[in-house]
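The listed protein sequences correspond, in order, to chains A and B. Going by this note's numbering, the first residue of the first sequence is number 3, and it counts up by one from there. Going by this note's numbering, the first residue of the second sequence is number 135, and it counts up by one from there.
None of these hints come from the bench; they were simulated from the model. Misleading hints may appear alongside valid ones.
[Stated by the list, open to error] Short, incomplete list of chain A residues facing chain B, as computed with Cβ under 10 Å:
id : residue
1  : Val248
2  : Ile449
3  : Ser453
4  : Phe471
5  : Ala482
6  : Ala519
None of the values given here were measured: they were computed from a predicted structure. Virtual Cβ for every residue (Gly too), placed ideally from N, Cα, C.
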Amino acid sequence: MPGTDTSVAAVRPAAVSTINAPVVALAGIGKRYGRMLAVDDVSLKVERGQLYGLIGADGAGKSSLMKMVAGVLAHDCGTVEVFGVRIDSERAAERVKARLGFMPQGLGLNLYPELSVEENIDFFARLRQVSAAELAPRKQQLLEMTRLAAFRTRAAKNLSGGMKQKLGLVCTLIHAPELIVLDEPTTGVDPVSRRDFWAILAQLIDAQRLTALVSTAYLDEASRFDRLALMHVGRVLAEGEPAELVAAAGLRVAQVQAEPAALAQLAAHFAQTEQTAGAGRVVVTADDDESAAAAVRAALGSDQHPVPKIVITPPDLEDLFVARLQALDGAATTRPAPDADGRFKPNRNQRPAPASERGSAPPSEYNGGTHAIDAQSLTRDFGGFRAVDRASFIVRYGEIFGLLGANGAGKTTAIKMLTGILPPSAGIGRVAGADMRQAGQAIKERIGYMSQAFSLYTDLTVMENLLLFAGVYGLTREQARSRAQWAVALGDLHGHEREPAGRLPMGLRQRLALGCALLHQPRVLFLDEPTSGVDPIGRRRFWGALRRLAREQGVAILLTTHYMAEADLCDRIALMFAGRVVADATPAQLKAELTAERGQLLEVSAEPPLAALAALRAGGFAEAVLHGRRLHVLAHDAAEAGTRIDTALAAAGLAAARITSQTLTMEDVFIHRVLALEAAALARAAA
Amino acid sequence: MSGLSRFARGAGRWLRQVAALVGKEWRQLLRDTALVGFVVFIFTLDILIAAGAPELDLRSAPIGLIDRDGSVASRELAGRLRAPYFDVRAVADDEAQVARQLERGQLRAVLTIPHDFERAFVRGETAQVQLVVEAADSNLGYLVASYTERILATLAAEYSLARTAVVLPEVQLQARYRFNPALTEAWYATISELLTMITVASILLPAAAMVREKERGTIEQLLVSPLSPLQIVLAKVVAMAGVVLVGSTVAVGLVMHGLLGVPFAGSPLLFFSLVALYAMTASGLGVVAATFARSSGQVGLIVLLLVMPITMLSGTWNLRESMPGWLQVAIDLSPLRYFVDITYGVLLKGADLAAVAKPAALMVMLGLAFLALGTARFRRQFR
């Protein structure tokens, strides 16, 4: 892996013919909006031919940085050089604009929704004064690479999220820029379309000899970049090649199987621990595997029966990011560090809710029994389009239930029917034992809901929002005050009470929204993509709070997420496809099913990855996929597959690969399931 | 626990929920600088401007005079076309040039006095003068013509009286202008403007607030909470009617009564109670409008479409009696039509509750209908 970016650059004639100056060079740049420092002393270089990643949560400063590079936002201090031109005036920015393409954040925001795919492309081409002779072949090539050629006449507004982003990319590339700046092209796009987008981008960078500066909020996409910068509140926390960063971090991950009591002990010793049933995952500061294992054993104590099983693996970038953030948090003593298992730290004045308060009675009181949510053939039509098609599933009290699916699979519509916002066209949704079609006020008091977009009042302060929703739920003044204090403690919002909600960073906003949804102590909680755009620490704290609600207070939680790593944390998962529930099981079961069906996951490191991918597909691994710079294949027999992989690579004149066995992730499960379903749907349509 | 106390507790809770929403609306409005500026403007400066601007009298209308007679009588006539109504200017006797001046708006009218004007006049024959009026603004054109006509008639009467020396029977009109003895334009104009602005604010503010909730998605959070559509709609209506009430108090008490001396003949309590009722009625219309709109831009246009006919047809700016029959029916559906009667009645005529009971009752009925429609549509728009 190390050094791959330089080798990629070296084989490109474009890189040889130009001076070896970096395409983008930023030195000490800063940007301030009023009192807020958006970008703080950032320096970095993007070399020709690189796929450079800016990674961070909302509010990290990625968009501001990209706009400054694209010449649409002036910087306050420092220097910005693009193609060796110092961008210090409008005129200087104009000089480089012809050579770069910029795609702003937001699904299809740079497109004209009423225009067709082709009209959008033609418009951007005219804007960039591309001659008709140049346009025709380029358009054809780009449409084919993005597989949009079949949709030329479709209006942009009728494209799926993933297709919109691909069209956005085509429009950005239509004037053959040398540098493209893409601001969160994969945010809000489902995992299948996301993987597709990255594969296309890798091909384009290779075929068009591009340099790309791309931002993302998904840390698991980090391994796709040649080089990256981890950003947090305007600053760069770490910068370098992904593999180098991980290697230099001095961290190891220990997967521990032990008694729950022993696992709980780990939480006291290590800042980053996660627990799932019977297993723990701990991030250890150690320079080699042996000392890491020793540290874990020491923390567990020597008197464990049975002897805990410890597997040491390298950390991923998220572990590194969280470790850096925790170091920052520790340095700034104003904010308490999260509890060892990522929980919200219990506050001194936070008491457990008194049993006398409403809604804290045990679940069995409700006539719905243990079924908090019972969806029976829920169906919803919008005109001729069936958004949800006979979806059935059950969520029990104390369970965290994940609803997964691509964009448009029907997740949000299902939640809206279960919360009583939308009436179903057919079927029944029971929540806390009551039919939501006739949901009275009593039943609504048992439901908490956090919608996809931030749905609190941004012009009201934190405390005003809390008191408003306390009032909406009919609490008396005294009840409202005590519950609001509870929510502030829950969300670790101390010191922010009088700040307008709109000015809070994403993570705090989401915790405020959770607090608002929990003020009335609901028994059933609906969360629609609650953590999108939240930084990793914020996400872990959020999950800590969710787990506690489910385990300690028996709240049933139904949530949707695009983060596949979060899907692993759910007790149970329903996978939705085209409005139907196509799988409903625990994550472990889903992974076991895939293993039984398709074999284990092998990760192939071969250079160059695109050529290797082509070789593998030709050599019988039709379903090989690009994952970052590595390839993933599924095979029942690892040894036999290894021989076939080496044969396929050798046939293409490539060097032998390094093959490692990996554990399946929910993302693998999701992508294989969805691709199989898509293939089946296509076959049905063809028949 | 008795049924009554349970009901009281339920009602208390119901009201607490509405109160929480009303408080939220006020806070949000106060933090929206642009909206606060708009509200302050329409209830203060705008009323002041209305007091000064719309003169329905003729003032200094530029009149061109072509005097071909050059006689005593013609000069006498020219002398009577005087300030403050007219601004008489001698113009060249050149048809093309005069036409150009009329076109450019430099002259409102041109009066041509022919050669034998005085002779005909003195002999008691029919004397002819020509008045060419620029009637692009038909109202103004009509005023110029009628003022000139009246002056000519008086002049002719005086001449004929002097010539015949016969005493003719005479009728003298003794007009007493009740409720506005000096016919002060500002009274009427500011009240009309106030009525328009109350209507605009009452419809626009709740409609904008409602659509903003839809745009930002905050409405979903309210939909899943134990609030009835009526509570959500009522909170908007009450909150914005409150804002309009405060605005009207400032406009009537401070600007109109205090600064401009518009009389306040009736009971303030009665008047402001009726303002609140009217504001709630119009707010109901705003809520209905909001259920048809998906964005702020759309709601702005819908409100514009509502306010125009409501004010045009209310009798604020023109007489109901002079409209065609089918329009008069439509007018009965405009809440402003009733509030116009109420406002003039209470402010200028000192009407008491009994005098305005009928329009008030009709207005409230209309308001209840809007509220019912808005509440029914509120839930349906999300299905």
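For each hint, the structure was consulted:
Checking valine 248 of chain A against chain B by beta carbon gives a least distance of about 38 Å; that is not within 10 Å, so the hint is violated. Interface hint at isoleucine 449 of chain A: satisfied, since its Cβ lies 6 Å from the closest Cβ of chain B, which is below the 10 Å cut-off. Because the smallest distance between the Cβ of serine 453 of chain A and any Cβ of chain B comes to about 5 Å, under 10 Å, the interface hint for this residue holds. For phenylalanine 471 of chain A, the shortest C-beta to C-beta distance to chain B is roughly 7 Å, which falls under 10 Å, so the interface hint holds.
With its C-beta approaching chain B no nearer than about 9 Å, alanine 482 of chain A sits inside the 10 Å limit, and its interface hint holds. Given hint, alanine 519 of chain A at the interface with chain B, holds; its Cβ is 8 Å from that chain's nearest Cβ, closer than 10 Å.
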